[in-house]
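J.: Here's the letter readout for the chains.
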Amino acid sequence: MNREADKIVRISIKKAGLEKPGKDFLHSVMSKIETQTEVAPLRFKNEALISRNGWFLIGGIVSLLLGTVLLTDSEYKLPFVISFETEMLHDYFSIFESRIFVVSIVITAIFVLLHTWLISRKMDDWYLRYKHQM
Amino acid sequence: MVTSEDQYIIEQILSGNISAFENLVRKYQDMVFTLAFRVLNHHEDAEETAQDVFVKVFHSLSGFQQKSNFKTWIYRITCNESINRLRSKKNKISMVNLEEGLTAGFYDQNQNLESDEEKKIVQQALLTLSETERVMITLYYYDDMSIKDIATITEMTETNVKTKLFRSRQKLYEVLKDQYSLFTSIIQTN
Numbered sequence: 001m002n003r004e005a006d007k008i009v010r011i012s013i014k015k016a017g018l019e020k021p022g023k024d025f026l027h028s029v030m031s032k033i034e035t036q037t038e039v040a041p042l043r044f045k046n047e048a049l050i051s052r053n054g055w056f057l058i059g060g061i062v063s064l065l066l067g068t069v070l071l072t073d074s075e076y077k078l079p080f081v082i083s084f085e086t087e088m089l090h091d092y093f094s095i096f097e098s099r100i101f102v103v104s105i106v107i108t109a110i111f112v113l114l115h116t117w118l119i120s121r122k123m124d125d126w127y128l129r130y131k132h133q134m
Numbered sequence: 135m136v137t138s139e140d141q142y143i144i145e146q147i148l149s150g151n152i153s154a155f156e157n158l159v160r161k162y163q164d165m166v167f168t169l170a171f172r173v174l175n176h177h178e179d180a181e182e183t184a185q186d187v188f189v190k191v192f193h194s195l196s197g198f199q200q201k202s203n204f205k206t207w208i209y210r211i212t213c214n215e216s217i218n219r220l221r222s223k224k225n226k227i228s229m230v231n232l233e234e235g236l237t238a239g240f241y242d243q244n245q246n247l248e249s250d251e252e253k254k255i256v257q258q259a260l261l262t263l264s265e266t267e268r269v270m271i272t273l274y275y276y277d278d279m280s281i282k283d284i285a286t287i288t289e290m291t292e293t294n295v296k297t298k299l300f301r302s303r304q305k306l307y308e309v310l311k312d313q314y315s316l317f318t319s320i321i322q323t324n
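Chains as they are written, first to last, in our numbering: chain F, 1 to 134; chain X, 135 to 324.
Possibly wrong hints are sitting among the right ones.
Computed list of lysine-lysine pairs in DSSO-like fashion (alpha-carbon distance at most 27 Å, straight line) [said to hold, decoys possible]:
#, chain 1, residue 1, chain 2, residue 2
1, X, LYS298, F, LYS7
2, X, LYS311, F, LYS23
3, X, LYS253, F, LYS32
4, X, LYS205, X, LYS282
5, X, LYS254, F, LYS7
6, F, LYS20, X, LYS253
7, F, LYS14, X, LYS298
8, F, LYS15, X, LYS190
9, X, LYS254, X, LYS223
10, F, LYS7, X, LYS296
11, X, LYS282, X, LYS305
12, X, LYS190, F, LYS7
13, X, LYS190, F, LYS23
14, X, LYS190, X, LYS223
15, F, LYS7, X, LYS282
16, X, LYS296, X, LYS253
17, F, LYS14, X, LYS161
18, X, LYS296, F, LYS23
19, X, LYS296, X, LYS311
20, X, LYS282, F, LYS23
21, X, LYS282, X, LYS161
22, X, LYS205, X, LYS296
23, X, LYS311, X, LYS223
24, F, LYS14, X, LYS223
25, X, LYS254, F, LYS14
26, X, LYS311, F, LYS7
27, X, LYS282, X, LYS298
28, F, LYS14, X, LYS296
29, X, LYS190, X, LYS254
30, F, LYS32, F, LYS20
31, X, LYS205, F, LYS122
32, F, LYS23, X, LYS298
33, X, LYS254, F, LYS23
34, X, LYS223, F, LYS15
35, X, LYS282, F, LYS32
36, X, LYS305, F, LYS122
37, F, LYS20, X, LYS254
38, X, LYS223, X, LYS282
Calculated from the structure, these hints are not laboratory results.
Bound conformation, chain X alone:
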């Protein structure tokens, strides 16, 4: 199930070529960081967590079953690490942190004001969901992952995932629909 490209890279790393790991980091860093950020909602924490995830993945590569899906495996590690960090910090996200997180999340991006504004709207809407729901929504709608894979990553049943996705979608829809009229234009143009 692991892609031939990933498999080749993994074989290279296991044969002693450590620098080949850079390719895996480049390929998955944005998604791993995004998932960590969705859970933690704090740029520095998410970055540290994402780094820890890659270090953990590197050290666990020899035990990785190549028949299984590498993407699912790394996302699962990301979710677990992020949730563990969130639990250990025990800091319920305050409104101040939310604002900090939002600002930090956009910090490195050179996008125009309009897309930044749209992104901020979606970010704020996502914050109405729980950490796990945010992860599920990202995996399902951004990465087009199957319910089965999401269930594996979040360690839930498929029925539970479906129910949570349905509720999250409704919540997001309500927020997006009520707050911003730009989506009506999106619907019309698509």
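Bound conformation, chain F alone:
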């Protein structure tokens, strides 16, 4: 019975064939696509130079430095500085012991990031305007 049912159903479905859309179907699809492509000429991907995780890492490091400097006295040596016993590394990292230095670095970083963001927005605007004029 199963084989018979399978056979009947297969034959009848094949015989029924496929439904046909209207004659203008292809034209309608292509018109929609062309219209949408004109409205949004390019869907370019904004790939960030620094990834989301990268920003978390940078934020963490900056917060750590800032926190260490602001919450402790200037005599305090950072934990990772202590772990490096060599004189050269100690000298190198000792610059972070200066509160003024770290604060100025942080302020500069914020300033640069803000400008990068503003310039990036401006450049996107210019790019889109240029593409629309083409």
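Based on the hints, put chain X in the right spot on chain F.
T.: Frame of chain F, contents of chain X only:
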């Protein structure tokens, strides 16, 4: 897994030749429309859905993994779009709509009365099934797709697909067998 012909067309489109997309539409329009029609059972809705499917496919082509099967991918989009439209409309198919759908479905076809009648019989039999079952039956029996591919398209397990196909086949068989004697002649001739 994508056929070389499809792959070539996709590469053409991605390189900026939008008109190459016409080839993909021509190739898949009947099946996409049929699947949408099987779910929605309304000619205009099915046509709109099929158009939306192709527009969506066009915009998603850059994200399509060419290792996967294009046919399965486009059918999956079709099923999802059709079911979403059906849900959004929330119109349970009434008998009036069924009749409208059946008439509209045959509207563009120049077939003789006998084949129209046969087609109508199958259409009516299909309406005894759920939307998903109709899609499964079409994919399995018309397009000869594997259970695995149907499971991917309908987002079900293979076991679930097998069970639903078995039940659908039995239901269809009961309707077709009881209502029309012409199938006895089909069996005898094959």
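J.: Sort out which numbered hints this structure fails and list those numbers smallest first.
T.: 2, 3, 8, 12, 18, 20, 23, 24, 29, 31, 32, 34, 35, 36, 38
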